[in-house]
Amino acid sequence: MEIHPAFSLSAFLFNFVTYIQPFRALTIMNRLFRIILLLLLLSAISCREKPQHVLPEQLPNPSVQLIDELNEPLVLLLYPDQKRADSMKQQTGIENFYARSDENSVHYQELRNILAASGIKVVSGEKVRYRFISDNGAITETDLSRVGSPWQVIIFNGTDSPVLVSPDKAAGKLKELFPDVKTEKQTIRAKKPKKSKTSAPTPSHQESERTDSGSVADLPAQKETIIRLIIPAGQQAPADRDETSGKRVINSYISPHHRFWLMFDNDIFSNTDRYYTNGVVIGYSAPGMVNLPVNRLMLSLRRNSVVHASISLHHAMFTPFTTKTPPILIDDRPYASTLFLRYSQTSEDALSGIRVTSSIDAGVIGDAALGRYFQKSVHATVPTNDEPVGWETQIRNDLVLNYSVNLQKQLLKNKNAEIYAHGEATLGTLQTRAGMGIDAIAGLFIPGITRLPMDYSELQQVQRDWQYGIRGGLEFRLIGYDATLQGGVFNNDNIYALKPDEIERMVAAMHLGIFARYRKLGISISQYYLSPEFKEGKQHFWGQIGLEYGW
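The working numbering runs 5 ahead of the 1-based position in the sequence shown.
Please keep in mind that the hints were generated in silico from the structure rather than gathered at the bench. Do not rely on the hints blindly, as some may be mistaken.
What the hints assert, rightly or not - Dumping the calculated DSS-like pairs for lysine-lysine here, alpha-carbon to alpha-carbon at most 30 Å:
1) LYS94 with LYS540
2) LYS418 with LYS504
3) LYS174 with LYS126
4) LYS543 with LYS329
5) LYS88 with LYS174
6) LYS414 with LYS525
7) LYS94 with LYS418
8) LYS94 with LYS180
9) LYS94 with LYS132
10) LYS540 with LYS381
11) LYS329 with LYS381
12) LYS381 with LYS543
13) LYS540 with LYS504
14) LYS132 with LYS329
15) LYS132 with LYS88
16) LYS504 with LYS543
From just these sequences and the hints, can you work out the full model?
Written as C-alpha coordinates, this is what we have:
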(Lines of atoms letter the chains of each structure in order from A and count residues from 1; the text may use other names and numbers.)
(Lines give C-alpha, C1' and ligand atoms only; values in the text may rest on other atoms or scores of the structure.)
Protein backbone atom coordinates (compact mmCIF):
# COMPACT_ATOMS: atom_id res chain seq x y z
CA MET A 1 0.00 0.00 0.00
CA GLU A 2 1.38 3.42 -0.93
CA ILE A 3 1.66 5.96 1.94
CA HIS A 4 1.19 9.65 1.31
CA PRO A 5 4.40 11.63 1.90
CA ALA A 6 2.63 13.92 4.37
CA PHE A 7 1.77 11.01 6.68
CA SER A 8 5.32 9.64 6.53
CA LEU A 9 6.66 13.08 7.42
CA SER A 10 4.30 13.54 10.37
CA ALA A 11 5.30 10.14 11.80
CA PHE A 12 8.95 11.04 11.57
CA LEU A 13 8.42 14.37 13.25
CA PHE A 14 6.43 12.82 16.07
CA ASN A 15 9.29 10.45 16.88
CA PHE A 16 11.75 13.27 16.62
CA VAL A 17 9.87 15.49 19.08
CA THR A 18 9.65 12.82 21.76
CA TYR A 19 13.43 12.75 22.01
CA ILE A 20 14.23 16.46 22.14
CA GLN A 21 14.39 18.52 25.28
CA PRO A 22 10.95 19.03 26.91
CA PHE A 23 11.17 22.80 27.23
CA ARG A 24 11.72 23.16 23.46
CA ALA A 25 9.06 20.66 22.36
CA LEU A 26 6.05 22.98 22.41
CA THR A 27 7.79 25.70 20.40
CA ILE A 28 9.13 23.31 17.73
CA MET A 29 5.86 21.36 17.42
CA ASN A 30 3.93 24.59 16.91
CA ARG A 31 6.15 25.52 13.98
CA LEU A 32 6.24 22.03 12.51
CA PHE A 33 2.47 21.58 12.58
CA ARG A 34 2.15 24.78 10.58
CA ILE A 35 4.56 23.34 8.00
CA ILE A 36 2.64 20.04 7.91
CA LEU A 37 -0.66 21.84 7.36
CA LEU A 38 0.90 23.79 4.52
CA LEU A 39 2.25 20.58 2.90
CA LEU A 40 -1.13 18.86 3.18
CA LEU A 41 -2.87 21.85 1.60
CA LEU A 42 -0.42 21.93 -1.31
CA SER A 43 -0.77 18.18 -1.77
CA ALA A 44 -4.56 18.37 -1.89
CA ILE A 45 -4.45 21.18 -4.47
CA SER A 46 -1.99 19.34 -6.69
CA CYS A 47 -4.01 16.08 -6.60
CA ARG A 48 -7.36 17.70 -7.42
CA GLU A 49 -8.62 16.62 -10.88
CA LYS A 50 -9.80 19.29 -13.20
CA PRO A 51 -12.95 18.56 -15.21
CA GLN A 52 -12.04 17.38 -18.68
CA HIS A 53 -13.81 18.75 -21.74
CA VAL A 54 -12.07 17.02 -24.60
CA LEU A 55 -13.38 17.48 -28.09
CA PRO A 56 -13.65 14.32 -30.20
CA GLU A 57 -10.76 15.34 -32.39
CA GLN A 58 -8.64 15.92 -29.25
CA LEU A 59 -9.24 12.55 -27.57
CA PRO A 60 -6.07 11.42 -25.80
CA ASN A 61 -4.19 8.49 -27.21
CA PRO A 62 -4.90 5.32 -25.27
CA SER A 63 -2.15 3.47 -23.49
CA VAL A 64 -2.21 0.83 -26.19
CA GLN A 65 -2.38 1.30 -29.91
CA LEU A 66 -5.88 1.33 -31.41
CA ILE A 67 -6.64 -1.17 -34.09
CA ASP A 68 -6.81 0.35 -37.58
CA GLU A 69 -9.91 1.06 -39.65
CA LEU A 70 -12.67 0.47 -37.15
CA ASN A 71 -15.08 2.53 -39.16
CA GLU A 72 -16.76 -0.21 -41.16
CA PRO A 73 -18.98 -3.19 -40.32
CA LEU A 74 -16.86 -5.85 -38.67
CA VAL A 75 -16.63 -8.50 -35.98
CA LEU A 76 -13.71 -8.21 -33.56
CA LEU A 77 -12.52 -11.39 -31.80
CA LEU A 78 -10.70 -10.62 -28.56
CA TYR A 79 -8.02 -12.72 -26.87
CA PRO A 80 -6.03 -12.28 -23.64
CA ASP A 81 -2.66 -10.64 -23.98
CA GLN A 82 0.46 -12.28 -22.57
CA LYS A 83 0.22 -10.58 -19.17
CA ARG A 84 -3.45 -11.50 -18.75
CA ALA A 85 -2.82 -15.05 -19.97
CA ASP A 86 0.03 -15.58 -17.50
CA SER A 87 -2.12 -14.26 -14.67
CA MET A 88 -5.01 -16.56 -15.58
CA LYS A 89 -2.70 -19.57 -15.81
CA GLN A 90 -1.47 -18.89 -12.29
CA GLN A 91 -4.96 -18.35 -10.89
CA THR A 92 -6.88 -21.13 -12.65
CA GLY A 93 -4.15 -23.53 -13.76
CA ILE A 94 -2.74 -24.18 -17.21
CA GLU A 95 -5.19 -26.93 -18.07
CA ASN A 96 -8.23 -24.84 -17.16
CA PHE A 97 -6.87 -21.87 -19.08
CA TYR A 98 -6.42 -23.79 -22.32
CA ALA A 99 -9.72 -25.59 -21.81
CA ARG A 100 -11.49 -22.20 -21.74
CA SER A 101 -9.42 -21.03 -24.70
CA ASP A 102 -10.32 -24.06 -26.80
CA GLU A 103 -13.99 -23.76 -25.81
CA ASN A 104 -14.13 -20.17 -26.99
CA SER A 105 -12.23 -21.10 -30.14
CA VAL A 106 -15.17 -23.30 -31.13
CA HIS A 107 -17.47 -20.27 -30.98
CA TYR A 108 -14.96 -18.18 -32.92
CA GLN A 109 -14.87 -20.82 -35.65
CA GLU A 110 -18.66 -20.76 -35.80
CA LEU A 111 -18.57 -17.02 -36.38
CA ARG A 112 -15.97 -17.40 -39.11
CA ASN A 113 -18.15 -19.98 -40.81
CA ILE A 114 -21.17 -17.68 -40.69
CA LEU A 115 -19.26 -14.68 -42.00
CA ALA A 116 -17.26 -16.53 -44.64
CA ALA A 117 -19.34 -15.32 -47.61
CA SER A 118 -20.94 -12.25 -46.06
CA GLY A 119 -18.37 -9.59 -46.85
CA ILE A 120 -18.23 -8.62 -43.18
CA LYS A 121 -14.67 -8.17 -42.01
CA VAL A 122 -13.32 -10.37 -39.19
CA VAL A 123 -10.35 -9.08 -37.21
CA SER A 124 -8.72 -10.09 -33.95
CA GLY A 125 -6.87 -8.37 -31.16
CA GLU A 126 -5.78 -8.53 -27.56
CA LYS A 127 -5.94 -4.88 -26.49
CA VAL A 128 -8.41 -3.38 -24.01
CA ARG A 129 -9.29 -0.09 -25.74
CA TYR A 130 -10.73 0.41 -29.21
CA ARG A 131 -12.35 3.32 -31.02
CA PHE A 132 -15.28 2.80 -33.36
CA ILE A 133 -16.44 5.54 -35.73
CA SER A 134 -20.00 5.23 -37.03
CA ASP A 135 -21.10 6.44 -40.45
CA ASN A 136 -22.61 9.57 -38.85
CA GLY A 137 -19.31 10.48 -37.24
CA ALA A 138 -20.22 9.33 -33.73
CA ILE A 139 -17.23 7.94 -31.82
CA THR A 140 -17.53 5.06 -29.38
CA GLU A 141 -14.48 4.20 -27.33
CA THR A 142 -14.53 0.88 -25.48
CA ASP A 143 -12.52 0.15 -22.35
CA LEU A 144 -12.44 -3.58 -21.64
CA SER A 145 -10.02 -3.51 -18.72
CA ARG A 146 -12.82 -4.28 -16.26
CA VAL A 147 -14.53 -7.00 -18.30
CA GLY A 148 -14.38 -10.37 -16.55
CA SER A 149 -13.37 -12.70 -19.35
CA PRO A 150 -10.69 -11.70 -21.90
CA TRP A 151 -12.44 -13.75 -24.61
CA GLN A 152 -15.07 -11.40 -25.97
CA VAL A 153 -16.64 -10.45 -29.29
CA ILE A 154 -17.38 -6.90 -30.42
CA ILE A 155 -19.95 -6.64 -33.20
CA PHE A 156 -20.10 -3.35 -35.09
CA ASN A 157 -22.59 -2.82 -37.90
CA GLY A 158 -21.22 0.58 -38.94
CA THR A 159 -24.31 2.53 -37.84
CA ASP A 160 -25.12 1.78 -34.22
CA SER A 161 -22.79 1.62 -31.27
CA PRO A 162 -20.62 -1.51 -31.12
CA VAL A 163 -21.93 -4.32 -28.93
CA LEU A 164 -19.78 -6.38 -26.58
CA VAL A 165 -20.96 -9.98 -26.20
CA SER A 166 -19.53 -13.26 -24.95
CA PRO A 167 -18.43 -15.75 -27.65
CA ASP A 168 -21.19 -18.25 -26.89
CA LYS A 169 -23.87 -15.59 -27.49
CA ALA A 170 -22.23 -13.84 -30.41
CA ALA A 171 -24.03 -15.80 -33.13
CA GLY A 172 -27.44 -14.72 -31.85
CA LYS A 173 -26.41 -11.09 -31.44
CA LEU A 174 -24.90 -11.14 -34.93
CA LYS A 175 -28.29 -11.91 -36.41
CA GLU A 176 -29.86 -9.12 -34.39
CA LEU A 177 -27.37 -6.47 -35.54
CA PHE A 178 -27.31 -7.66 -39.15
CA PRO A 179 -31.04 -8.24 -39.82
CA ASP A 180 -30.51 -9.15 -43.48
CA VAL A 181 -29.79 -12.72 -42.50
CA LYS A 182 -31.20 -15.25 -44.93
CA THR A 183 -31.26 -18.46 -42.96
CA GLU A 184 -32.58 -20.49 -45.86
CA LYS A 185 -29.49 -19.54 -47.88
CA GLN A 186 -27.35 -19.36 -44.76
CA THR A 187 -25.81 -16.02 -45.70
CA ILE A 188 -25.48 -12.67 -44.00
CA ARG A 189 -25.28 -9.28 -45.65
CA ALA A 190 -23.78 -6.29 -43.97
CA LYS A 191 -26.21 -3.53 -43.05
CA LYS A 192 -25.59 -0.48 -45.21
CA PRO A 193 -24.64 2.59 -43.17
CA LYS A 194 -27.16 5.42 -43.07
CA LYS A 195 -25.75 8.85 -43.76
CA SER A 196 -26.63 11.67 -41.43
CA LYS A 197 -25.90 15.38 -42.03
CA THR A 198 -27.02 16.80 -38.72
CA SER A 199 -25.56 14.59 -36.03
CA ALA A 200 -22.32 15.68 -34.47
CA PRO A 201 -19.59 13.40 -33.21
CA THR A 202 -20.28 12.43 -29.60
CA PRO A 203 -17.92 10.24 -27.64
CA SER A 204 -19.41 7.45 -25.57
CA HIS A 205 -18.04 4.62 -23.49
CA GLN A 206 -19.18 1.00 -23.37
CA GLU A 207 -17.91 -1.27 -20.63
CA SER A 208 -20.73 -3.69 -19.93
CA GLU A 209 -21.51 -7.03 -21.53
CA ARG A 210 -24.67 -7.34 -23.62
CA THR A 211 -26.93 -10.35 -23.95
CA ASP A 212 -28.42 -11.81 -27.07
CA SER A 213 -31.87 -12.70 -28.22
CA GLY A 214 -31.77 -15.05 -31.16
CA SER A 215 -29.81 -17.74 -32.90
CA VAL A 216 -28.12 -18.28 -36.22
CA ALA A 217 -28.45 -21.39 -38.32
CA ASP A 218 -25.30 -23.49 -38.44
CA LEU A 219 -23.30 -23.42 -41.64
CA PRO A 220 -21.22 -26.19 -43.14
CA ALA A 221 -17.84 -26.02 -41.43
CA GLN A 222 -14.99 -24.42 -43.30
CA LYS A 223 -11.75 -26.28 -43.75
CA GLU A 224 -9.61 -25.11 -40.86
CA THR A 225 -5.95 -24.30 -41.35
CA ILE A 226 -3.73 -25.40 -38.47
CA ILE A 227 -0.56 -23.38 -37.87
CA ARG A 228 1.73 -25.45 -35.69
CA LEU A 229 4.48 -23.52 -33.91
CA ILE A 230 7.45 -25.62 -32.78
CA ILE A 231 8.76 -24.08 -29.53
CA PRO A 232 12.41 -25.10 -28.92
CA ALA A 233 14.15 -25.15 -25.55
CA GLY A 234 14.50 -21.74 -23.91
CA GLN A 235 11.91 -20.05 -26.14
CA GLN A 236 8.49 -18.71 -25.19
CA ALA A 237 5.26 -19.26 -27.07
CA PRO A 238 3.76 -16.23 -28.87
CA ALA A 239 1.53 -14.01 -26.80
CA ASP A 240 -1.63 -14.62 -28.83
CA ARG A 241 -3.46 -17.67 -30.12
CA ASP A 242 -5.48 -15.90 -32.81
CA GLU A 243 -7.76 -18.10 -34.86
CA THR A 244 -9.25 -15.74 -37.41
CA SER A 245 -9.64 -16.35 -41.13
CA GLY A 246 -9.89 -20.08 -40.57
CA LYS A 247 -6.42 -20.32 -39.04
CA ARG A 248 -5.79 -21.95 -35.70
CA VAL A 249 -2.47 -21.56 -33.88
CA ILE A 250 -1.19 -24.39 -31.70
CA ASN A 251 2.05 -24.62 -29.75
CA SER A 252 4.22 -27.73 -29.69
CA TYR A 253 6.84 -27.51 -26.95
CA ILE A 254 9.94 -29.57 -27.65
CA SER A 255 10.86 -31.72 -24.68
CA PRO A 256 14.34 -30.71 -23.43
CA HIS A 257 15.13 -34.19 -22.13
CA HIS A 258 17.80 -36.53 -23.46
CA ARG A 259 17.41 -40.27 -23.10
CA PHE A 260 19.48 -43.30 -24.05
CA TRP A 261 18.11 -46.82 -23.73
CA LEU A 262 19.02 -50.43 -24.47
CA MET A 263 16.43 -53.26 -24.63
CA PHE A 264 17.38 -56.91 -24.85
CA ASP A 265 14.78 -59.63 -25.63
CA ASN A 266 15.48 -63.37 -25.51
CA ASP A 267 13.49 -66.51 -24.96
CA ILE A 268 16.30 -68.02 -22.93
CA PHE A 269 14.52 -66.46 -19.95
CA SER A 270 11.68 -68.91 -20.70
CA ASN A 271 14.08 -71.79 -21.37
CA THR A 272 13.22 -72.02 -25.07
CA ASP A 273 14.97 -71.29 -28.37
CA ARG A 274 12.28 -70.82 -31.00
CA TYR A 275 10.08 -68.34 -32.89
CA TYR A 276 10.95 -64.79 -31.78
CA THR A 277 14.20 -65.83 -30.17
CA ASN A 278 16.22 -62.64 -29.83
CA GLY A 279 15.83 -58.87 -30.21
CA VAL A 280 17.93 -55.82 -29.46
CA VAL A 281 16.91 -52.16 -29.49
CA ILE A 282 19.31 -49.24 -29.03
CA GLY A 283 17.68 -45.81 -28.91
CA TYR A 284 18.42 -42.17 -28.29
CA SER A 285 16.07 -39.22 -27.79
CA ALA A 286 17.08 -35.55 -27.93
CA PRO A 287 15.37 -32.15 -28.52
CA GLY A 288 17.17 -31.50 -31.80
CA MET A 289 15.64 -34.55 -33.46
CA VAL A 290 12.29 -32.81 -33.72
CA ASN A 291 13.81 -30.59 -36.43
CA LEU A 292 14.86 -33.44 -38.71
CA PRO A 293 13.24 -33.35 -42.18
CA VAL A 294 11.53 -36.72 -41.58
CA ASN A 295 9.48 -35.00 -38.88
CA ARG A 296 7.22 -33.67 -41.66
CA LEU A 297 5.90 -37.20 -42.11
CA MET A 298 4.89 -37.58 -38.49
CA LEU A 299 1.40 -37.06 -37.10
CA SER A 300 0.86 -34.51 -34.34
CA LEU A 301 -1.99 -33.46 -32.10
CA ARG A 302 -4.23 -30.65 -33.32
CA ARG A 303 -3.84 -28.93 -29.96
CA ASN A 304 -1.13 -27.60 -27.65
CA SER A 305 1.26 -30.39 -26.77
CA VAL A 306 4.71 -31.48 -25.65
CA VAL A 307 6.74 -33.25 -28.34
CA HIS A 308 9.46 -35.91 -28.04
CA ALA A 309 11.47 -37.43 -30.89
CA SER A 310 13.87 -40.35 -31.02
CA ILE A 311 15.92 -42.59 -33.30
CA SER A 312 16.39 -46.29 -32.56
CA LEU A 313 18.05 -49.29 -34.18
CA HIS A 314 16.09 -52.58 -34.10
CA HIS A 315 17.36 -56.07 -34.73
CA ALA A 316 15.30 -59.27 -34.42
CA MET A 317 15.74 -62.97 -35.15
CA PHE A 318 13.09 -65.64 -35.79
CA THR A 319 13.59 -69.41 -35.98
CA PRO A 320 11.50 -72.58 -36.39
CA PHE A 321 10.33 -74.62 -33.40
CA THR A 322 13.79 -76.17 -33.13
CA THR A 323 17.19 -75.20 -34.51
CA LYS A 324 18.92 -78.49 -33.73
CA THR A 325 17.60 -80.33 -36.80
CA PRO A 326 17.03 -79.26 -40.40
CA PRO A 327 13.72 -77.39 -40.79
CA ILE A 328 10.82 -79.51 -41.99
CA LEU A 329 9.56 -76.64 -44.18
CA ILE A 330 5.93 -77.35 -43.40
CA ASP A 331 3.58 -76.13 -40.67
CA ASP A 332 6.44 -74.26 -38.99
CA ARG A 333 7.91 -70.80 -38.79
CA PRO A 334 10.64 -69.95 -41.33
CA TYR A 335 14.02 -68.53 -40.37
CA ALA A 336 14.03 -64.73 -40.63
CA SER A 337 15.87 -61.69 -39.34
CA THR A 338 15.22 -57.97 -39.59
CA LEU A 339 17.36 -54.89 -39.18
CA PHE A 340 15.87 -51.41 -39.45
CA LEU A 341 16.19 -47.85 -38.24
CA ARG A 342 13.15 -46.17 -36.67
CA TYR A 343 12.36 -42.49 -36.33
CA SER A 344 9.59 -41.84 -33.84
CA GLN A 345 7.74 -38.76 -32.62
CA THR A 346 5.41 -38.54 -29.63
CA SER A 347 2.96 -35.69 -28.96
CA GLU A 348 1.40 -35.45 -25.50
CA ASP A 349 -1.54 -33.43 -24.27
CA ALA A 350 -2.06 -33.81 -20.52
CA LEU A 351 -5.27 -31.75 -20.63
CA SER A 352 -7.09 -34.35 -22.73
CA GLY A 353 -4.95 -37.26 -21.56
CA ILE A 354 -3.92 -38.17 -25.11
CA ARG A 355 -0.58 -39.33 -26.42
CA VAL A 356 0.04 -39.91 -30.15
CA THR A 357 3.15 -41.70 -31.36
CA SER A 358 3.96 -42.05 -35.04
CA SER A 359 7.02 -43.76 -36.46
CA ILE A 360 8.62 -44.75 -39.72
CA ASP A 361 10.90 -47.79 -40.16
CA ALA A 362 13.45 -48.32 -42.93
CA GLY A 363 15.76 -51.31 -43.27
CA VAL A 364 16.07 -54.87 -44.55
CA ILE A 365 14.77 -58.36 -43.96
CA GLY A 366 16.80 -61.42 -44.91
CA ASP A 367 20.43 -62.46 -44.77
CA ALA A 368 21.50 -58.81 -45.02
CA ALA A 369 20.09 -58.33 -41.52
CA LEU A 370 22.89 -60.58 -40.18
CA GLY A 371 20.64 -62.83 -38.13
CA ARG A 372 22.43 -65.99 -39.24
CA TYR A 373 25.81 -64.51 -38.38
CA PHE A 374 24.77 -63.31 -34.91
CA GLN A 375 23.03 -66.51 -33.81
CA LYS A 376 25.77 -68.82 -35.03
CA SER A 377 28.40 -66.61 -33.37
CA VAL A 378 26.60 -66.68 -30.03
CA HIS A 379 26.00 -70.43 -30.14
CA ALA A 380 29.63 -71.04 -31.07
CA THR A 381 30.84 -69.22 -27.95
CA VAL A 382 28.77 -71.45 -25.62
CA PRO A 383 30.07 -75.04 -25.65
CA THR A 384 26.74 -76.55 -24.55
CA ASN A 385 24.81 -74.96 -27.45
CA ASP A 386 24.34 -76.76 -30.75
CA GLU A 387 24.96 -74.83 -33.94
CA PRO A 388 21.63 -73.75 -35.46
CA VAL A 389 20.76 -75.68 -38.60
CA GLY A 390 18.79 -74.37 -41.57
CA TRP A 391 19.54 -70.64 -41.81
CA GLU A 392 20.07 -71.08 -45.57
CA THR A 393 16.27 -71.42 -45.86
CA GLN A 394 15.58 -68.04 -44.29
CA ILE A 395 13.34 -65.36 -45.83
CA ARG A 396 15.21 -63.73 -48.72
CA ASN A 397 16.51 -60.16 -48.71
CA ASP A 398 13.85 -57.51 -49.14
CA LEU A 399 13.02 -53.94 -48.25
CA VAL A 400 11.56 -52.96 -44.88
CA LEU A 401 9.52 -49.78 -45.00
CA ASN A 402 6.76 -49.33 -42.42
CA TYR A 403 4.66 -46.55 -40.95
CA SER A 404 2.93 -46.89 -37.57
CA VAL A 405 0.57 -44.80 -35.46
CA ASN A 406 -0.25 -45.45 -31.81
CA LEU A 407 -2.94 -43.50 -29.95
CA GLN A 408 -3.19 -43.70 -26.15
CA LYS A 409 -5.99 -42.29 -24.01
CA GLN A 410 -5.56 -41.92 -20.27
CA LEU A 411 -8.47 -43.54 -18.45
CA LEU A 412 -7.25 -43.25 -14.86
CA LYS A 413 -4.69 -41.04 -13.22
CA ASN A 414 -3.84 -40.68 -9.55
CA LYS A 415 -0.74 -40.38 -7.46
CA ASN A 416 0.31 -44.02 -7.68
CA ALA A 417 -1.49 -45.51 -10.70
CA GLU A 418 -2.34 -44.78 -14.32
CA ILE A 419 -4.40 -46.74 -16.85
CA TYR A 420 -4.39 -46.19 -20.62
CA ALA A 421 -6.41 -47.54 -23.51
CA HIS A 422 -4.59 -47.65 -26.81
CA GLY A 423 -5.13 -48.35 -30.46
CA GLU A 424 -2.49 -48.81 -33.14
CA ALA A 425 -2.19 -49.29 -36.87
CA THR A 426 0.85 -50.42 -38.89
CA LEU A 427 1.16 -50.42 -42.66
CA GLY A 428 4.15 -51.45 -44.74
CA THR A 429 6.34 -54.14 -46.22
CA LEU A 430 7.29 -55.70 -42.87
CA GLN A 431 3.92 -55.81 -41.13
CA THR A 432 0.37 -54.66 -41.77
CA ARG A 433 -1.84 -54.93 -38.72
CA ALA A 434 -4.17 -53.14 -36.32
CA GLY A 435 -4.52 -53.57 -32.59
CA MET A 436 -6.14 -52.29 -29.45
CA GLY A 437 -5.51 -52.90 -25.78
CA ILE A 438 -4.99 -51.55 -22.31
CA ASP A 439 -1.86 -50.67 -20.31
CA ALA A 440 -1.43 -49.98 -16.60
CA ILE A 441 1.31 -48.81 -14.27
CA ALA A 442 1.40 -48.62 -10.47
CA GLY A 443 4.01 -47.48 -7.99
CA LEU A 444 6.04 -44.34 -7.40
CA PHE A 445 6.80 -42.65 -10.70
CA ILE A 446 6.71 -39.41 -12.68
CA PRO A 447 3.36 -38.94 -14.56
CA GLY A 448 3.34 -40.67 -17.92
CA ILE A 449 2.05 -37.64 -19.89
CA THR A 450 3.98 -34.38 -19.62
CA ARG A 451 1.94 -31.38 -18.50
CA LEU A 452 1.82 -28.27 -20.67
CA PRO A 453 4.27 -25.75 -19.24
CA MET A 454 3.50 -22.25 -18.03
CA ASP A 455 7.17 -21.50 -18.58
CA TYR A 456 9.68 -23.58 -20.52
CA SER A 457 11.71 -24.24 -17.36
CA GLU A 458 8.78 -26.31 -16.11
CA LEU A 459 9.58 -28.92 -18.74
CA GLN A 460 12.76 -29.81 -16.92
CA GLN A 461 12.35 -33.29 -15.54
CA VAL A 462 10.91 -33.53 -12.05
CA GLN A 463 13.68 -35.00 -9.94
CA ARG A 464 12.94 -38.05 -7.82
CA ASP A 465 15.68 -39.99 -6.15
CA TRP A 466 13.70 -43.20 -6.57
CA GLN A 467 11.02 -44.46 -8.93
CA TYR A 468 9.73 -48.01 -8.87
CA GLY A 469 6.64 -50.08 -9.56
CA ILE A 470 4.98 -52.63 -11.83
CA ARG A 471 3.48 -52.28 -15.28
CA GLY A 472 1.71 -54.50 -17.73
CA GLY A 473 -0.67 -54.63 -20.64
CA LEU A 474 -2.96 -56.69 -22.84
CA GLU A 475 -3.41 -56.25 -26.58
CA PHE A 476 -5.40 -57.92 -29.36
CA ARG A 477 -4.02 -57.68 -32.89
CA LEU A 478 -5.67 -58.16 -36.25
CA ILE A 479 -2.96 -59.38 -38.65
CA GLY A 480 -3.06 -58.45 -42.32
CA TYR A 481 0.47 -59.29 -43.38
CA ASP A 482 3.75 -60.40 -41.73
CA ALA A 483 6.89 -60.62 -43.84
CA THR A 484 8.74 -62.70 -41.21
CA LEU A 485 6.15 -65.43 -41.86
CA GLN A 486 5.10 -64.85 -45.49
CA GLY A 487 8.24 -63.36 -47.05
CA GLY A 488 8.93 -59.89 -48.39
CA VAL A 489 6.68 -57.90 -50.72
CA PHE A 490 9.12 -57.49 -53.61
CA ASN A 491 11.24 -60.67 -53.46
CA ASN A 492 9.18 -63.86 -53.70
CA ASP A 493 12.16 -66.17 -54.29
CA ASN A 494 11.88 -67.84 -50.89
CA ILE A 495 12.75 -71.48 -50.24
CA TYR A 496 10.03 -71.59 -47.63
CA ALA A 497 7.33 -69.16 -46.42
CA LEU A 498 3.86 -69.58 -44.99
CA LYS A 499 0.79 -69.08 -47.15
CA PRO A 500 -1.88 -66.50 -46.28
CA ASP A 501 -4.40 -69.15 -45.19
CA GLU A 502 -1.87 -70.52 -42.68
CA ILE A 503 -1.68 -67.22 -40.76
CA GLU A 504 -3.64 -66.65 -37.56
CA ARG A 505 -5.47 -63.38 -38.14
CA MET A 506 -6.26 -62.68 -34.49
CA VAL A 507 -3.38 -62.68 -32.02
CA ALA A 508 -3.25 -61.83 -28.31
CA ALA A 509 -0.20 -60.36 -26.58
CA MET A 510 0.49 -59.65 -22.91
CA HIS A 511 3.35 -58.32 -20.84
CA LEU A 512 4.04 -57.83 -17.14
CA GLY A 513 7.14 -56.45 -15.48
CA ILE A 514 8.81 -54.41 -12.77
CA PHE A 515 10.92 -51.28 -13.02
CA ALA A 516 13.17 -49.21 -10.79
CA ARG A 517 15.01 -45.97 -11.32
CA TYR A 518 17.47 -44.01 -9.23
CA ARG A 519 17.86 -40.45 -10.44
CA LYS A 520 19.12 -40.72 -14.04
CA LEU A 521 19.58 -44.49 -14.27
CA GLY A 522 16.73 -46.98 -14.68
CA ILE A 523 16.26 -50.72 -15.15
CA SER A 524 13.26 -52.85 -16.10
CA ILE A 525 12.55 -56.59 -16.27
CA SER A 526 9.48 -57.91 -18.09
CA GLN A 527 7.90 -61.15 -19.27
CA TYR A 528 6.06 -61.26 -22.63
CA TYR A 529 3.45 -63.65 -24.01
CA LEU A 530 2.23 -64.10 -27.60
CA SER A 531 -0.51 -66.44 -28.74
CA PRO A 532 0.09 -68.68 -31.82
CA GLU A 533 0.88 -66.66 -34.96
CA PHE A 534 0.07 -69.44 -37.45
CA LYS A 535 -2.29 -72.41 -37.57
CA GLU A 536 0.13 -75.07 -36.33
CA GLY A 537 2.12 -72.73 -34.11
CA LYS A 538 2.51 -72.74 -30.35
CA GLN A 539 2.18 -69.97 -27.82
CA HIS A 540 5.43 -68.23 -27.04
CA PHE A 541 7.12 -66.56 -24.06
CA TRP A 542 10.23 -64.44 -23.82
CA GLY A 543 11.86 -62.09 -21.34
CA GLN A 544 13.14 -58.54 -21.63
CA ILE A 545 15.76 -56.54 -19.75
CA GLY A 546 15.94 -52.80 -20.28
CA LEU A 547 18.47 -50.17 -19.24
CA GLU A 548 17.87 -46.43 -19.51
CA TYR A 549 19.88 -43.30 -18.81
CA GLY A 550 18.15 -39.93 -18.98
CA TRP A 551 19.19 -36.35 -18.40
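Structure-based check of all given hints:
no., hint, result
1, LYS94 with LYS540, "57 Å, violated"
2, LYS418 with LYS504, "44 Å, violated"
3, LYS174 with LYS126, "19 Å, holds"
4, LYS543 with LYS329, "18 Å, holds"
5, LYS88 with LYS174, "26 Å, holds"
6, LYS414 with LYS525, "27 Å, holds"
7, LYS94 with LYS418, "22 Å, holds"
8, LYS94 with LYS180, "34 Å, violated"
9, LYS94 with LYS132, "18 Å, holds"
10, LYS540 with LYS381, "28 Å, holds"
11, LYS329 with LYS381, "12 Å, holds"
12, LYS381 with LYS543, "24 Å, holds"
13, LYS540 with LYS504, "11 Å, holds"
14, LYS132 with LYS329, "78 Å, violated"
15, LYS132 with LYS88, "11 Å, holds"
16, LYS504 with LYS543, "17 Å, holds"
Violated hints, listed in ascending order, are 1, 2, 8 and 14; each of the other numbered hints is respected by the structure.
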